[in-house]
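J.: So the protein sequences, as listed, match chains A and B. In terms of my numbering, the first sequence opens at residue 1 and continues consecutively. In terms of my numbering, the second sequence opens at residue 1001 and continues consecutively.
Source of the hints: derived by calculation from the structure; they are not laboratory data. Backbone N, C-alpha and C define an ideal beta-carbon position, used for all residues, glycine too. Treat the hints loosely; a few may be bogus.
[Said to hold, decoys possible] Using C-beta positions, here's what the derived DEER-type ranges look like:
| no. | chain 1 | residue 1 | chain 2 | residue 2 | range |
| --- | --- | --- | --- | --- | --- |
| 1 | A | 168 | B | 1176 | 35 to 45 Å |
| 2 | B | 1300 | A | 144 | 17 to 27 Å |
| 3 | A | 159 | B | 1063 | 32 to 42 Å |
| 4 | B | 1273 | A | 421 | 49 to 59 Å |
| 5 | B | 1257 | A | 297 | 52 to 62 Å |
| 6 | A | 331 | B | 1176 | 55 to 65 Å |
| 7 | A | 144 | B | 1164 | 30 to 40 Å |
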Amino acid sequence: MATSTSSAASPSQASQGVRPVVVIGGNRIPFARSNGAYADASNQDMLTAALDGLVARFGLQGQRIGAVAAGAVLKHSRDFNLVRESVLGTALDPTTPAYDVQMACATGMEAIGSLANKIKLGQLDSAIGGGVDTTSDAPIAVSEGLRRVLLELARARTPKQRLAALSKFRPKDLAPHAPGTGEPRTGLSMGEHQALTTAAWGVSREAQDELALKSHHNLAAAYERNFFDDLITEYRGVGRDNNLRPSTTLEKLGSLKPAFGRDLGDKATMTAGNSTPLTDGASSVLLGSEEFARANDLPMLANFVDFEAASVDFVRGKEGLLMAPAYAVPRLLARQGLTLQDFDFYEIHEAFAGTVLSTLAAWEDEDFCRNKLGLDAPLGSIDRSKLNVAGSSLAAGHPFAATGGRIVATLAKLLHEKGSGRGLISVCAAGGQGVVAVLEAR
Amino acid sequence: MSGTAERRCIDLPEVPALGGIYAAAVKKTAASRIGGVLPGGGRRRGADDDGRWQLPAVEHRVRRLRVDTGRLTRYQRLMGDTVREDLPSVFVHGLAFPVAMSVMVDDGFPLPLLGMVHLSNRVEHLRRIRPGEELSVRAWAEDLRPHFAGAQVDVVAEVGAGGEAVWRGVSTYLAKGVDLPGRTRPERPEKPVFTAPTRTGQWRLAADTGRAYAGVLGDWNPIHLTSLSARALGMKRHIAHGMYLAGRALAGAAPREGGYEWGIEFASPVFLPGTVDFSVADAEGGADPYGTVAFTGWRRGASREHFSGYVAPR
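Chain A on its own, in the form it takes in the complex (with noise of 0.2 Å):
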């Protein structure tokens, strides 16, 4: 890849007086469903596949990186140090520090956004942000019951304390307790959630069901013409995500039966086709700052401008578990000067269709920009041909902290591609969280 010339840091970045920070390249291991290909891999194994594949790619062998920074949604207590000891088994110089980072399924924008803070502040010339996920080698944790009596087990001194934090046992605390995508605090599953938004915002089954057949064809066209060929390392004999779909149909996608919000009847429109998998895989991107990009002759595909997090209160009813996002951008819009026009590509994380469908539908709404946002007029409409254009979430899977990586890497090829423009991305996470960014041609 040739090195782009540099351009002068956005206004906004001057002004703040922070150098610019360029995302450089991604790598990633093609995202598979659940309980499939990468059934025996750990996140370890993954986020290492997905290092490896990126150490490679730009030749960072024997490199002391500034600091390496990802994490995992769910994750087994024995990798307290996942993101160091995967960074072990890589080629990095093993002087590289590494740190864990864990905000749901924005964890992978926290990590880059953090990370790319830094570079701007001149702490740090390179990093690399991640994630990764794994629903089939998920930790299994012993019952609650189970736990407390081992753990009492192991605190009895005499016979007589063990006898008695052994009588504590109950047969059906056997049972193991497998995590979930349920909300501790409302017991319903991200997907009831959802239903709820998709429902109080009039979504159609049909609007749904076209932004998934969407996802399909622009992440299979993506492919055809080979645009992920310096973004993905094929892994245990898979090249490409295997949710992908290039042939479905609209008549498929309709004819699947509601999976979430059946509670409400006739207006249940979520379906398996419409909701992304349980997936797994790991991503990666490579940041640095100018200097570091052009001493080490690699490319630099684009600005990472900013970005911006946001919760709402989900447990109280006051918003729905995915909105945030629709709360994040305008205040990111406000602080860069932008509208919400002014994007060449919108990547908004198909968590679910619903989730993007309610989100433009919020922006578009005048009553939910002026009394929910506190604007004076909506943020208004975007043109829906720039919308996830290489497919997401929906197509590729969602191996729930690695979808940032994959979303930056690929709207950072996007712009550099283009060669002028900016993207802006949005990112739900479970718990009423978001993360958003833009990012900036180069």
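For chain A, the structure is supplied; the task is to place chain B on it using the hints.
T.: Coordinates of chain B only, in the frame set by chain A:
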């Protein structure tokens, strides 16, 4: 709430065990049946000369009550609440409940304890209560009055610390089919059609929910324990404790600081195992994150209301 001047105080050496209280209640119920005195008719102890039933002018007290932090922790875990240095309101209710029960099994108490229906609670949680505080409890019954389905009574429990009241709860119970002599039952009010609000949560309650609650707070009422023990008392199946439902609701809805008031009304029992759809939302016009909130529970996917209530900061 009335003072203590006109009530005789009965000091209990310690908080009575509820197992014994239920045994006494069973005996009392059986005795009244054997004696041919059925609820709803006839003369019984507690009736005064003109035949009107009266509540005994007594107040049961426990002067020193300490909180077992292990029990507090188990309560907080059971409710999905955070383990923190602060007594949840329903936990305080659980501490005071045996004293209130002691009032209701007192010889002079005119209504049969077993089979009474728990209608509602109103609680003033006057200030934060720390686990290390030495508490006192007093409880009495008041305001025996007709209900469209029988007779209802308020059982008041007051928890004090250092001479000041810190928690005051009124539990209202219904004795079905009981007619108070000389008092006519009011008309059954028009029941508004229940429309479920947008749910904000869902509780999947296991068959052992009642046993788990009893294991922590000691309320071993047979109607909550097993299908068999509940059927023995004429129930279709065993049901969740009303205060378990209140505790779950408050774990999410109680303000994080300062005192508060809350109330709950029970519309229909939650059979176990069962799934409750739940909603908690700002009461009308509220915008403060910890302002007055309203909560509702109903049977999953159905229009059958289980309970509704509110929490208001003081």
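J.: Please go over all the hints and tell whether each is borne out by the structure.
T.: Outcome of the hint check:
no., hint, result
1, A:168 <-> B:1176: 35 to 45 Å, "holds (39 Å)"
2, B:1300 <-> A:144: 17 to 27 Å, "holds (24 Å)"
3, A:159 <-> B:1063: 32 to 42 Å, "holds (39 Å)"
4, B:1273 <-> A:421: 49 to 59 Å, "holds (56 Å)"
5, B:1257 <-> A:297: 52 to 62 Å, "holds (58 Å)"
6, A:331 <-> B:1176: 55 to 65 Å, "holds (57 Å)"
7, A:144 <-> B:1164: 30 to 40 Å, "holds (38 Å)"
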